[in-house]
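So the chains spell out like this:
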Amino acid sequence: MNWTWFHRLASPPHVYALAVRLTPWFAWPAALCIAAGLWGGLVLAPPDYQQGDGFRIIYVHAPSAWMSLMVYVTMAGAAAVGLIWRMKVAHAVAASCAPIGASFTFAALVTGALWGQPMWGTYWEWDPRLTSELVLLFLYLGYMGLRAGIEDPQRADRASAVLAVVGVVNVPIIHYSVTWWNSLHQAPSVMRLGKPAMPLAMLVPLLLMLLGFTLFFVALLLTRVRGEVLARERTASWIREVVRA
Amino acid sequence: MNHSDGNIAQPLAALVAADPDRLSSVCQRASALEAVRLALQRDLQLAFRKRGQLVQPLAFFAMVTLLFPLAISPELARLRELAPGVLWVGALLGSLLALEFLFRDDAHDGTLEQYALSGQSLTALMVAKTIAHWLLTGLPLALMAPLAAVSLGVHTGALPGILFAVAVGSVALSLIGSIGAALTLGIKRSGALLSLLTLPLSLPVLIFGARATQLAIHGASFAAPLELLGALAVLGGTLAPLAAAAAVRISLE
Amino acid sequence: MRAFFDMGGYAAFVWPAYAVTFAVVLLNIFWARRALERSRAEARRRLQMQREVS
Chain X
1 MNWTWFHRLA SPPHVYALAV RLTPWFAWPA ALCIAAGLWG GLVLAPPDYQ QGDGFRIIYV
61 HAPSAWMSLM VYVTMAGAAA VGLIWRMKVA HAVAASCAPI GASFTFAALV TGALWGQPMW
121 GTYWEWDPRL TSELVLLFLY LGYMGLRAGI EDPQRADRAS AVLAVVGVVN VPIIHYSVTW
181 WNSLHQAPSV MRLGKPAMPL AMLVPLLLML LGFTLFFVAL LLTRVRGEVL ARERTASWIR
241 EVVRA
Chain D
1001 MNHSDGNIAQ PLAALVAADP DRLSSVCQRA SALEAVRLAL QRDLQLAFRK RGQLVQPLAF
1061 FAMVTLLFPL AISPELARLR ELAPGVLWVG ALLGSLLALE FLFRDDAHDG TLEQYALSGQ
1121 SLTALMVAKT IAHWLLTGLP LALMAPLAAV SLGVHTGALP GILFAVAVGS VALSLIGSIG
1181 AALTLGIKRS GALLSLLTLP LSLPVLIFGA RATQLAIHGA SFAAPLELLG ALAVLGGTLA
1241 PLAAAAAVRI SLE
Chain W
2001 MRAFFDMGGY AAFVWPAYAV TFAVVLLNIF WARRALERSR AEARRRLQMQ REVS
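Chains X, D and W, in that order, are what the protein sequence lines are.
Here this note's numbering is used: the first sequence runs in plain steps of one and ends on residue 245.
Here this note's numbering is used: the second sequence runs in plain steps of one and ends on residue 1253.
Here this note's numbering is used: the third sequence runs in plain steps of one and ends on residue 2054.
Quick caveat, the hints were computed from the structure, so don't treat them as lab data.
Owing to the predicted nature of the structure, the values given are computational and were not obtained by experimental measurement.
Heads up, some of the hints might be wrong.
Claimed, not checked - To spell it out: a stretch of chain X is covered by chain W in this simulated footprint if at least three of its residues, at any positions, have a beta carbon under 8 angstroms from a beta carbon of chain W; those stretches are: (1) 11-25; (2) 136-144; (3) 155-166.
Stated by the list, open to error - Chain X is faced by these chain D residues, among others (derived, beta-carbon under 10 angstroms): (4) Q1045; (5) G1119; (6) T1123; (7) L1183; (8) I1187; (9) L1199; (10) L1201; (11) L1203; (12) F1208; (13) L1235; (14) G1237.
Unchecked claim - Here are the simulated distance ranges between beta carbons: (15) D:L1082 <-> W:R2033: 46 to 52 angstroms; (16) X:P24 <-> W:F2022: 47 to 53 angstroms; (17) D:L1117 <-> W:F2022: 50 to 56 angstroms; (18) X:Q154 <-> D:G1191: 22 to 28 angstroms; (19) D:E1227 <-> W:F2022: 42 to 48 angstroms; (20) W:W2015 <-> D:R1104: 50 to 56 angstroms.
Idealized CB from N, CA, C, for every residue including glycine.
Whole structure, please, built from the sequences with the hints as guidance.
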């Protein structure tokens, strides 16, 4: 197995150039998938027999929730790589993930609340999913707070990396304990869609939205990583070419 | 450097007993287990010199317990329903308060650096510090919990269970807290940040501990949540010192 | 058309949900580009200072 591609990823100028080249390849397909998903979800999909047109919130809630979790795992993975192989680029990726993940966690909470009000009659429910999302938001805020609180950039990178890894190990534990706690006090309130399985007309737009948001995340990441990598390179000569452009 | 030598143990222990501040320099010549014992002894002795500080988390816990009846109702029947929550939130916040003492003095006087450089396993020394921290804060909180419970209308039959649950839970809390404390070393006014980092990780302890307490108050078997608490303490015991050691090294770089 | 905007009576929930999500999407695009611009400006400034020193 040829590992050169991995070693090249450790080189900041290489990563920067790669990011510039790749961004449009993710940004445009993302826009397409999301547009198609919106069309399919808002227009083509039939109303749910129990929730009527209200179920269409899933087309923004599910991608937001998916993003919040996927971005955290990516952040923790990049952090681990940065710690083990001491790669500045990996730390740059982790730093880029945090604000993206936190904002989508917020979106997941808000859309979840808006979905809850017509369905359960209350804006907030202490159900396992929403509660876990709230805890996830605090994990993100803690990560960003730690980064902000440490002045030395290298120490900030490494300390927040330890925190991210500890956090990702805890996410399943926290989710399990919250689910356990919730099951003690009320019947599980799952946001069911009224039918045992989702018909294709409803499912396909959902998958398109999930894919579209994922591609969007990569495009965002590539943009942010460029800036983070620049900030970590003090005097390298390749910067001269980049900033002049 | 790590060979255990019975002849060294006695003079080392005497040295540390006489002057705990010199532990760091004698640490290098001890075996791993010796080093843990000496670090533990040192922390306990230094803490007893500042006995006043030890009382603060307990006083805080007592105050929090007082706040709820005043804010809600003096009826014992109502308070009994709320007791699990009040006890555990109070214990959690009290243990958070105590976390600042875990590394602060050692970071200040350079002992932590000595520990890192001593060639001893920093993870083992983290275990020692966490044990000392629990003995000085978690255990006293656990001993106080039955008193607080009585003030909230809990009957005496439930008290041993409450003591046990808080004792086990506070072990997990000390372990979890050591990670955040190590990460925020040297950050000025890190109290709020430390809470933000530690509380999400402590939620499972809160959930299982409060449930165990609730079951104990109702006279039912609280074995299941207690076992889960124990599992958290064991998991924390294996992973937290590693993470804390890594965090200390990063903070000292 | 009207039925579309009405969303079966759930309009007050569905449209704000979409609005919030797309606000977050746009905000992220704006943030990412601004962060990149700031880093480039900072790098330019650093190079300038180095040139002045040497």
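Status of the hints after comparison with the structure:
1. 11-25: violated (count 0)
2. 136-144: With 0 residues in contact (Cβ-Cβ under 8 angstroms with chain W), the coverage given for the stretch 136-144 of chain X is violated.
3. 155-166: violated (count 0)
4. Q1045: violated (30 angstroms)
5. G1119: violated (22 angstroms)
6. T1123: Result: violated, 13 angstroms to nearest chain X Cβ.
7. L1183: The hint holds - L1183 of chain D has a Cβ within 10 angstroms of chain X, the shortest such distance being about 5 angstroms.
8. I1187: holds (5 angstroms)
9. L1199: holds (7 angstroms)
10. L1201: For L1201 of chain D, the interface hint holds, since the closest Cβ of chain X sits about 5 angstroms away, which is under 10 angstroms.
11. L1203: Constraint on L1203 of chain D satisfied, holds at 6 angstroms.
12. F1208: F1208 of chain D check passes; min Cβ-Cβ to chain X is 7 angstroms, inside 10 angstroms.
13. L1235: holds (8 angstroms)
14. G1237: violated (14 angstroms)
15. D:L1082 <-> W:R2033: 46 to 52 angstroms: The hinted range 46 to 52 angstroms holds for L1082 of chain D and R2033 of chain W, with Cβ atoms some 50 angstroms apart.
16. X:P24 <-> W:F2022: 47 to 53 angstroms: With Cβ atoms ~21 angstroms apart, the hint is violated.
17. D:L1117 <-> W:F2022: 50 to 56 angstroms: holds (54 angstroms)
18. X:Q154 <-> D:G1191: 22 to 28 angstroms: This hint holds: roughly 25 angstroms between Cβ atoms.
19. D:E1227 <-> W:F2022: 42 to 48 angstroms: Given about 47 angstroms between the Cβ atoms, the range holds.
20. W:W2015 <-> D:R1104: 50 to 56 angstroms: Cβ of W2015 of chain W to Cβ of R1104 of chain D: about 52 angstroms, so the range 50 to 56 angstroms holds.
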